[in-house]
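Undergrad: Those protein sequence lines, which keep their order, are chains A and B. Whatever position you read off the first sequence (first residue = 1), add 188 for the working numbering. Whatever position you read off the second sequence (first residue = 1), add 778 for the working numbering.
Please keep in mind that the hints were generated in silico from the structure rather than gathered at the bench. There's no promise every hint is true.
[Claimed, not checked] In silico EDC-like cross-links for lysine to aspartate or glutamate, where the CA-CA straight-line distance does not exceed 20 Å:
id	chain 1	residue 1	chain 2	residue 2
1	B	K868	B	E1114
2	A	K267	B	D920
3	A	K253	B	D1011
4	A	K228	B	E1141
5	B	K1030	B	E1230
6	A	K199	A	E210
7	A	K199	B	E1141
8	A	K199	B	E1123
9	B	K1117	A	E239
10	A	K213	B	E1185
11	A	K257	A	E239
12	B	K1149	A	E215
13	A	K228	B	D1186
[What the hints assert, rightly or not] So, partial list: chain B residues that the calculated Cβ filter (under 10 Å) puts toward chain A:
id	residue
14	L1091
15	E1104
16	F1120
[Said to hold, decoys possible] Which chain A residues face chain B? A few, computed with CB under 10 Å, are given here:
id	residue
17	I200
18	H226
19	I230
20	P244
21	Q247
22	S256
23	I268
Bear in mind the structure is a predicted one, so any value in this text is a computation, not a measurement. Just so it is clear, CB atoms sit at the ideal spot from N, CA and C, and this is done for glycine as well.
Chain by chain, the residues:
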Amino acid sequence: MRIIDKKTVNKILNLSRLSLSEEEKEELIPQLNQVLSHFKSINEIDTSNVEPMFHPPLQKLSLRKDESKKWFDREVLEKISPFFEKEFVKVPKIIEKKDETI
Amino acid sequence: MKPFRLSLTETLKLLRERKISPLELVDEYKNRVKEKEGNIDAYLSFNWNEAKKRAKELEKEERDLPLYGIPFAIKDNILVKNLPNTCGSKILENFIAPYDAFVIEKIKKYGGIIIGKTNMDEFAMGSSTENSAFKVTKNPWDTERVPGGSSGGSAAVIASDMALVALGSDTGGSVRQPASFCGVVGLKPTYGLLSRFGLVAFASSLDQIGIFGKTVEDTFYVLNLIQGYDERDSTSLDINYNKIQPFGGKLKIGIIKEINKFGIEDVIVKNMEESLKALESMGHKIVEVSLPNIHNSLPVYYLVAFAEASSNLARYDGVRYGLRVESGNLKTMYTETRKAGFGKEVKRRILLGTFVLSSGYYEQWYLKASKVRRLITNDFEEAFKKVDVLFFPTSPTLPFKIGERIEDPLKMYLADVMTVPVNLSGIPGINVPTGVYNGLPVGMQIVSNYLEENKIYRVALDLEKSIPFERKL
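Isolated chain A, as found in the complex:
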C-alpha cells in the first residue's frame, strides 16, 4: 500500500527545507512506504480513553525565570559562524520580490 506518493513527498520536502533529485525520490518513496506500512499496525491497538504521553513522568518541566543572562561573548559566536560581518550573522537578502516566499 502506498501511504506516501510523489505529491506528498514534494510537499514534505518543501516543509522540511530539503530537496532530492528525481532518482533519489524513486529510491526513497518505496522505503518510506515500507517503513510506514510496517508501522501502521499500531492503529489496531485500542487507545480509547488513553492520554498521550509526550515525555517521561518525573520531569516537572518548569520554566526558568524570564531574566536575561549572558551565555557567550560575541567573539565565541563569531568563531563558530564563518558568516559574521561586523556584529551580525550575514544571510542572503530576505526581501527581493513581492512574491518571494521565505
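Starting from the structure of chain A, add chain B where the hints point.
TA: Just chain B now, with coordinates in the frame of chain A:
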C-alpha cells in the same frame, strides 16, 4: 599486566600509589591507539596535546581527585570545548565546540583526561555506526562486522582498550546495543539523571547520556560523579542525589512472558536461560510477568523519534554555524545546505518526521504513537509492582556484517527492538556481557523502575561475578 588492560578502579590505585604517572598512562593509551585504531576506525579526532598538558598539570595536583588521570573517550555529539563536534555529519564537519557539556565539566573537574572524540551514526541515527559521514567503525571481535550503534565508536574503544571509560548517548539503545555487540558494559541511567546540556539533541523526550566501561563498577563509579541537577537542562531532575550503592539483598527478577514475540536468535535465548540460572543460584528469585504492549514499542519509538528529530534538526539551516551552501535566496540556501550536509538516513527520518507531524496525518501517526507510548509505560509500571528488575537480551541477534542491513532501513530498525521500550518510558537499563558464541559477544539487559539504579547495580554485579567473561582483543 599492561596498564590499558586494567579497570578504572585498578588504574586509579596505580596512579595514586605513583606506580604510573598520568602522563605515562596517556602515553600507554596513545601507543595502544596507534596499534589498534588502524583496524578499528573508532575515533574521529584526538586530543593528545591537550591530554598530555593536562596529565603534566595533574602530576602537581591532588591525587585524591576521584578521576585522577583517567583517560576518557567522548562520543562526537557531546561538546568538549575547543574540540570538533561533528555528530558524524558533514553539516557540522568544521564545527568546534565553544563550551563544555555539563558532564564534561564534571569529568574535567574531577581530574579526568579526554583523549578523543568517537565515531557515531550521523546525529545518532542508526544501529551500526555505518551512517557516519566519515568512516565505518569495525567490531573489535570481528572486523567484518559492525560494532552496533549509534555510539559504535565509544563501544569499540572500550572493547579494544583504546580508552578506559567512554560516554555515549542512548535515544533508543545507542549505548546498550553497541555495548552488547562489543562485549562491554553500557549503562543508560534514568531520563533526567544526567544533564543533557551540551549533548546535541536528536529526540529530546528520549535522549539520555550513557556510560561505557570495562566493568559494572566502573560505569556506576562514573555515574555517581557526573550526575546532578543542572538548571541549563529543563529535563534535569531536581532531586536529592545520593551516591548509588548496590542494593543490599536478594531481588525479584522479572522475565517477560511475551519474549517470544521479539524474534530472538536461539543462541541468545539459550544464553538468557543460562544467565538466569546463574542469578538464581546467587539467591535471586525469577518471576514471569506479562507486558502485553511492549512488543509494539518499535513503531511507537520510531514514529516519536522521527517527529522529534525533524523538529530538532531544523536548526541546521546554514545561518549561525556549520555548513552553508550559498545559493540565490534564503530559502534555497536552507535547502541546498541541508541537501549537501545531511546523509541518506537523516533525510529519511526528517521526511518521515515531517510527514507524521503534518496536518491531516498527525492524529493517525504521531498522536496515536504517543498514546501507545502511555500503554507501554503503564506495562512497566504494573510489572515493577511485582518485580524489582526486568531481565532480557539487549539485542535479538549477534553482531551483523558490515553492509548487511544498510540498504534496508526497516531491517536496521529491528536491531533496536529490545532496547527502545526502555527509552519510551525513561527508565534505566544496562548491558552486561554474558557470553561469546562463534567468537561474538552476547549481552543481557537489566532494567529497573525510575531511579532504582541501585537494583540494576546489584543484579549486574552478581551477573558479572557469576559469568566469567574474557575480553582480550
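Undergrad: Now tell me, hint by hint, if it's right for this structure.
TA: Hints versus structure:
This hinted pair checks out: B:K868 and B:E1114 have alpha carbons roughly 13 Å apart, not beyond 20 Å. Between the alpha carbons of A:K267 and B:D920 the distance comes to roughly 41 Å, so the proposed pair goes past 20 Å and is violated. Taking the CA atoms of A:K253 and B:D1011, the gap is about 14 Å. The hint holds against a cut of 20 Å. Using a Cα cut-off of 20 Å, the hinted pair A:K228 and B:E1141 holds, with the two alpha carbons roughly 12 Å apart.
With a C-alpha separation of about 13 Å, the suggested pairing of B:K1030 with B:E1230 holds against the 20 Å cut-off. Using a Cα cut-off of 20 Å, the hinted pair A:K199 and A:E210 holds, with the two alpha carbons roughly 14 Å apart. A hinted pair counts as satisfied when its Cα atoms are at most 20 Å apart, and A:K199 with B:E1141 qualifies at roughly 18 Å. Taken as a hint, the A:K199 and B:E1123 pair is honoured in the structure, with Cα atoms around 19 Å apart against an allowance of 20 Å.
Restraint check for B:K1117 and A:E239: not satisfied, since their Cα atoms lie roughly 37 Å apart, outside the 20 Å limit. Proposed proximity of A:K213 and B:E1185 is supported: the alpha carbons are some 15 Å apart, at most 20 Å. Of the pairs offered as hints, the one joining A:K257 and A:E239 is violated, with about 37 Å between alpha carbons and a cut-off of 20 Å exceeded. With a C-alpha separation of about 32 Å, the suggested pairing of B:K1149 with A:E215 is violated against the 20 Å cut-off.
Under the criterion of a C-alpha separation no larger than 20 Å, the hint pairing A:K228 with B:D1186 is consistent with the structure, at around 18 Å. About 9 Å separates the beta-carbon of B:L1091 from the nearest beta-carbon of chain A, less than 10 Å, and the hint is met. Hint status for B:E1104: holds, given a least beta-carbon distance of 8 Å to chain A, under 10 Å. With 10 Å as the threshold, the beta carbon of B:F1120 comes within range of chain A, its nearest partner Cβ sitting at about 7 Å, so the hint holds.
Because the beta carbon of A:I200 sits about 5 Å from the nearest beta carbon in chain B, less than 10 Å, this interface hint is met. Given hint, A:H226 at the interface with chain B, holds; its Cβ is 6 Å from that chain's nearest Cβ, closer than 10 Å. Annotation: A:I230 was flagged as interfacial toward chain B, and the flag holds, the nearest CB pair being 5 Å apart, inside 10 Å. With its C-beta approaching chain B no nearer than about 3 Å, A:P244 sits inside the 10 Å limit, and its interface hint holds.
Because the closest C-beta pair between A:Q247 and chain B is about 5 Å apart, less than 10 Å, the hint holds. Of the supplied interface hints, the one on A:S256 is violated, with its beta-carbon coming no nearer than about 15 Å to a beta-carbon of chain B, more than 10 Å. With a least beta-carbon distance of about 4 Å to chain B, the hint placing A:I268 at the interface is held under the 10 Å criterion.
In summary, the numbered hints that this structure violates are 2, 9, 11, 12 and 22.
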